[in-house]
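Asker: Could you build all of it, start to finish, from the sequences and the hints given here?
Protein chains in written order, with this note's numbering: chain A, 1 to 397; chain B, 1 to 259; chain C, 1 to 132.
One should not assume that every hint holds.
Taking CB as the label site, the calculated pair distances span [unchecked claim]:
{"hint": "1", "chain 1": "B", "residue 1": "Leu208", "chain 2": "A", "residue 2": "Ala275", "range": "47 to 57 Å"}
{"hint": "2", "chain 1": "A", "residue 1": "Gly185", "chain 2": "B", "residue 2": "Lys142", "range": "17 to 27 Å"}
{"hint": "3", "chain 1": "C", "residue 1": "Met62", "chain 2": "A", "residue 2": "Lys162", "range": "42 to 52 Å"}
{"hint": "4", "chain 1": "A", "residue 1": "Pro122", "chain 2": "C", "residue 2": "Arg24", "range": "43 to 53 Å"}
{"hint": "5", "chain 1": "A", "residue 1": "Gly185", "chain 2": "B", "residue 2": "Arg240", "range": "47 to 57 Å"}
Some, not all, of what chain C presents toward chain B, calculated at C-beta under 10 Å [what the hints assert, rightly or not]:
{"hint": "6", "residue": "Ala32"}
{"hint": "7", "residue": "Trp68"}
{"hint": "8", "residue": "Asp75"}
{"hint": "9", "residue": "Thr78"}
{"hint": "10", "residue": "Val79"}
{"hint": "11", "residue": "Glu89"}
{"hint": "12", "residue": "Ser91"}
{"hint": "13", "residue": "Thr122"}
{"hint": "14", "residue": "His124"}
{"hint": "15", "residue": "Glu129"}
The set of hints was computed from the structure by calculation and includes no laboratory data. Note that the Cβ used here is the ideal one computed from N, Cα and C, for glycine as well.
Each chain, written out:
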Amino acid sequence: MLKRALGGSQRYWSWMFFLLALVGTGLACYIRQLDRGLAITGMSRDVSWGLYIGQFTFLVGVAASAVMVVLPYYVHHVKEFGGITIFGEFLAVAAVLMSLLFVIVDLGKPMRLLNLLLYPTPGSIMFWDMIVLTGYLLLNIVIGWNVLESEREAVPPPKWVKPLIYLSVPWAVSIHTVTAFLYAGLPGRPYWLTAIMAARFLASAFAAGPALLILLGLIIRRSSNFAPGGDVIQKLARIVAYAMIISVFFVGLEFFTAFYSQVPGHMQSLEYLFAGLDGHRNLVPFMWISAVLAVTALVLLINPATRENERTLQIACAAVFISLWLEKGLGLVVGGFIPSAVERVTDYAPTVPELLIALGIWAAGGLLLTILYKIAVSVKEEEPGMVELAQKRREVV
Amino acid sequence: MKISRRSFLKMGGTFALGFTALPGLKAFAASGLLKASPDPKALAGKKWAMAINMKVCREKGPEGCKECVVACHQVHNVPDIGNPKEEVKWIWKEPFANAFPGQEHEYLEETVKGQPFLVLCNHCDNPPCVRVCPTQATFKRKDGIVVMDDHRCIGCRFCMAACPFGARSFNFRDPRPYIPKLNREFPTREKGVVEKCNFCVERLAAGLSPACVEACRHGALVFGDLEDPNAGIRDVLSSRFTIRRKPELGTRPKVYYVV
Amino acid sequence: MYNARPVIIGLAVFIGLTTFPIWRALEKAAPAPEPELDTPAIQQMPEKLCVEATPTMRARHMQLLGDWRAGVVRDGRTVYAGQAGKKYEMSLQKTCLKCHANKDKFCDQCHDYAGVQPDCWTCHIAPGENKP
Chain A
1 MLKRALGGSQ
11 RYWSWMFFLL
21 ALVGTGLACY
31 IRQLDRGLAI
41 TGMSRDVSWG
51 LYIGQFTFLV
61 GVAASAVMVV
71 LPYYVHHVKE
81 FGGITIFGEF
91 LAVAAVLMSL
101 LFVIVDLGKP
111 MRLLNLLLYP
121 TPGSIMFWDM
131 IVLTGYLLLN
141 IVIGWNVLES
151 EREAVPPPKW
161 VKPLIYLSVP
171 WAVSIHTVTA
181 FLYAGLPGRP
191 YWLTAIMAAR
201 FLASAFAAGP
211 ALLILLGLII
221 RRSSNFAPGG
231 DVIQKLARIV
241 AYAMIISVFF
251 VGLEFFTAFY
261 SQVPGHMQSL
271 EYLFAGLDGH
281 RNLVPFMWIS
291 AVLAVTALVL
301 LINPATRENE
311 RTLQIACAAV
321 FISLWLEKGL
331 GLVVGGFIPS
341 AVERVTDYAP
351 TVPELLIALG
361 IWAAGGLLLT
371 ILYKIAVSVK
381 EEEPGMVELA
391 QKRREVV
Chain B
1 MKISRRSFLK
11 MGGTFALGFT
21 ALPGLKAFAA
31 SGLLKASPDP
41 KALAGKKWAM
51 AINMKVCREK
61 GPEGCKECVV
71 ACHQVHNVPD
81 IGNPKEEVKW
91 IWKEPFANAF
101 PGQEHEYLEE
111 TVKGQPFLVL
121 CNHCDNPPCV
131 RVCPTQATFK
141 RKDGIVVMDD
151 HRCIGCRFCM
161 AACPFGARSF
171 NFRDPRPYIP
181 KLNREFPTRE
191 KGVVEKCNFC
201 VERLAAGLSP
211 ACVEACRHGA
221 LVFGDLEDPN
231 AGIRDVLSSR
241 FTIRRKPELG
251 TRPKVYYVV
Chain C
1 MYNARPVIIG
11 LAVFIGLTTF
21 PIWRALEKAA
31 PAPEPELDTP
41 AIQQMPEKLC
51 VEATPTMRAR
61 HMQLLGDWRA
71 GVVRDGRTVY
81 AGQAGKKYEM
91 SLQKTCLKCH
101 ANKDKFCDQC
111 HDYAGVQPDC
121 WTCHIAPGEN
131 KP
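Answerer: Structural data, given as structure tokens:
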């Protein structure tokens with residue numbers, strides 16, 4: 001099946017080489033980071049995690065969101081999801097891989113990574129995060145690949161895949177729960193010390209992931225002879241709408257608890273993020289962009305007319321994705337470190353090499369995703385009548 | 001007795017596995033650790049702790065006295081990087097309001113308000129940094145001291161997120177060029193690992209008290225074993241009112257302050 | 001066999017290329033370096049004894065150092081009963097390198113020859129390094 005990724009239009013190849021160039025740039029910067037140390041990043045003694053760990057957290061959510069297509073299709077037998085399930089699973093594969101890469105580039109001593117296995121420590125949440133993430137990666141590779149292969153042969157998937165699929169549902173929830181526990185169990189960080197952290201993570205993941213999947217589905221429809229139907233896009237849109245409402249509601253809960261109780265530790269991080277603290281206002285514009293985008297997305301998603309129109313739906317999905325990317329990929333991690341343990345505010349801004357390394361990892365994920373999607377699309381295109389169907393669906397839009 | 005091919009292969013496999021484990025066992029038996037023991041001179045304790053008498057420090061020490069800080073950083077090859085973002089420190093001074101957030105109020109006595117307080121790793125009895133470390137690079141010794149095994153640290157900085165006292169520093173760059181005067185009896189650290197105060201385990205092992213305690217000529221720092229009823233630190237704790245940093249977090253710090 | 005000639009020639013070239021380092025080493029056959037013991041501290045010793053017998057040290061010094069590391073850092077055991085019952089402080093900087101002050105002639109030479117790169121010296125201070 002792999003050779004299906006080797007034939008493509010010129011546009012496909014220029015896209016691949018563009019991503020490859022970004023990967024190369026990121027790699028060059030990473031080699032410099034290995035040589036100079038993490039001093040080339042914007043992180044500091046006080047803000048000791050930054051963009052890398054933020055991206056890791058966000059991407060674990062994107063990976064977990066595959067469950068939002070697997071669950072309706074395999075458990076509730078909602079037929080419309082059949083065409084798109086494989087894309088959800090492959091998105092999970094790429095997202096987990098990116099999140100693991102983000103952890104690795106964040107390590108001060110990456111060459112000692114295997115110490116995690118050499119000295120297994122069940123008391124550490126990071127130990128469990130490693131286990132659930134690698135497990136989830138394997139599950140999705142095995143499931144996706146086998147289902148796609150049997151689809152190519154037009155036979156039902158092997159029997160042993162079914163239990164793995166059922167297992168992947170709670171497993172998806174576990175990866176984001178465990179990732180939330182990395183934060184929610186730390187005594188001195190009131191912004192993270194909240195029992196709804198895992199719930200918040202899952203809600204925002206189930207909004208951002210399917211929103212990305214809708215955008216990817218529309219791109220596939222435009223650029224190939226396989227077209228995900230309007231009905232499945234609408235089903236996903238409803239999931240995004242509900243998840244986004246819950247996600248914003250959860251953030252509202254945090255605001256209430258902090259500001260009605262008036263406990264300084266609980267208010268300070270939110271103050272820093274949305275209004276600035278002690279004259280430091282670095283992240284304020286970004287958090288407000290995130291808030292405005294979230295409201296815009298909610299308006300477009302709740303209103304049936306704009307949700308059902310694929311043009312406005314696209315805008316809503318992009319708004320959801322960017323809003324949550326800012327909230328979780330940047331604000332959540334940095335905000336937790338401010339103020340510091342001794343009540344100081346240290347600003348954080350990623351440096352250029354840090355941004356390029358992050359971009360390189362996104363490009364590596366994009367590269368893998370393109371290859372996997374290319375293979376999946378080429379299998380789908382062979383289904384009888386698919387070319388004509390795709391033609392028709394494109395015309396409808 | 002008949003053995004099926006299947007069970008024969010299974011048994012063979014088990015034996016083979018046993019043989020591969022043999023060298024490991026042998027290595028363990030021959031381990032040099034059997035010939036290793038603590039130094040008889042070493043100071044032994046069950047629960048090492050420190051009491052800092054800030055009143056003595058303020059009243060007896062000259063203005064801006066930093067002798068304990070200098071002694072510690074000198075003996076442990078702590079670099080002076082000069083950039084507060086990358087600062088490495090084991091013991092340092094923080095204004096009262098920063099060391100004890102929420103405890104300062106505008107009518108507080110002038111002898112305390114805004115005054116610098118010595119802060120260092122609290123060697124918590126229930127240390128969150130140890131709980132989160134994925135490789136046991138940071139661990140609590142039997143005598144209660146929380147130490148780093150920098151041979152093992154992968155530099156994930158989970159401990160820095162977990163420590164509520166800001167006691168941990170990360171080596172963002174190679175520290176060697178920033179060490180003014182090397183102590184050749186102690187290692188440095190390298191880029192990519194976390195470090196912090198070790199309550200001078202290397203000095204306790206040789207029968208010496210911690211460098212900061214020794215450096216303070218006025219006896220503001222008292223180091224001792226909490227489990228020893230005759231220890232000087234027990235005297236201080238039973239005769240003076242002492243406070244600890246952020247006790248509400250349940251980490252049970254073992255550095256006590258006489259305000 | 002189809003295309004026997006090019007296949008055999010190709011195989012020969014492939015094997016020749018991949019085994020090239022071995023051929024080269026055979027031809028040169030660099031002699032194994034002898035660790036040098038000529039330091040003032042060793043010269044002054046009445047009986048030239050290391051913590052363990054020379055063959056043990058030669059074969060197992062890395063395990064011994066690993067054990068010392070674990071013993072000191074994790075266990076608080078700092079004294080080692082070496083051969084002939086002599087006691088040593090378990091310390092790379094304070095014990096090993098006090099005698100073997102010639103790191104380049106004692107450690108590095110053999111490590112280079114064997115192609116191993118122990119990363120002791122990023123933290124531990126070698127004699128003569130960064131002399132103030």
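Asker: Each hint needs a verdict: does it hold in this structure or not?
Answerer: So, going through the hints one by one against the coordinates:
Separation of B/Leu208 from A/Ala275 is about 51 Å and conforms to the stated range, judged on CB atoms against 47 to 57 Å. At roughly 25 Å, the beta carbons of A/Gly185 and B/Lys142 sit within the given window of 17 to 27 Å. The supplied range of 42 to 52 Å is met by C/Met62 and A/Lys162, whose beta-carbon atoms lie about 50 Å from each other. One distance hint, 43 to 53 Å for the beta-carbon pair A/Pro122 and C/Arg24, holds here, with the actual separation near 49 Å.
Restraint check, A/Gly185 to B/Arg240: a C-beta distance of roughly 35 Å breaks the suggested window 47 to 57 Å. At its closest, the beta carbon of C/Ala32 sits 25 Å from a beta carbon of chain B; the interface hint therefore is violated under the 10 Å criterion. The criterion of a C-beta within 10 Å of any C-beta in chain B is met by C/Trp68, whose closest approach is roughly 7 Å, and the hint holds. With its C-beta approaching chain B no nearer than about 7 Å, C/Asp75 sits inside the 10 Å limit, and its interface hint holds.
The beta carbon of C/Thr78 comes within 5 Å of a beta carbon in chain B, closer than 10 Å, and the hint placing it at the interface holds. The criterion of a C-beta within 10 Å of any C-beta in chain B is met by C/Val79, whose closest approach is roughly 5 Å, and the hint holds. Given the 10 Å rule on beta carbons, the hint for C/Glu89 holds: about 8 Å separates it from the nearest Cβ of chain B. A least Cβ separation of about 8 Å between C/Ser91 and chain B falls short of the 10 Å threshold, and the interface hint therefore holds.
A cut of 10 Å between beta carbons decides the hint on C/Thr122: the least distance to chain B is about 4 Å, and the hint holds. Interface restraint check: C/His124 against chain B, minimum CB-CB distance 5 Å, threshold 10 Å, status holds. Of the supplied interface hints, the one on C/Glu129 holds, with its beta-carbon coming within about 8 Å of a beta-carbon of chain B, less than 10 Å.
Taken one by one, the earlier hints fail for this structure at numbers 5, 6, listed in ascending order.
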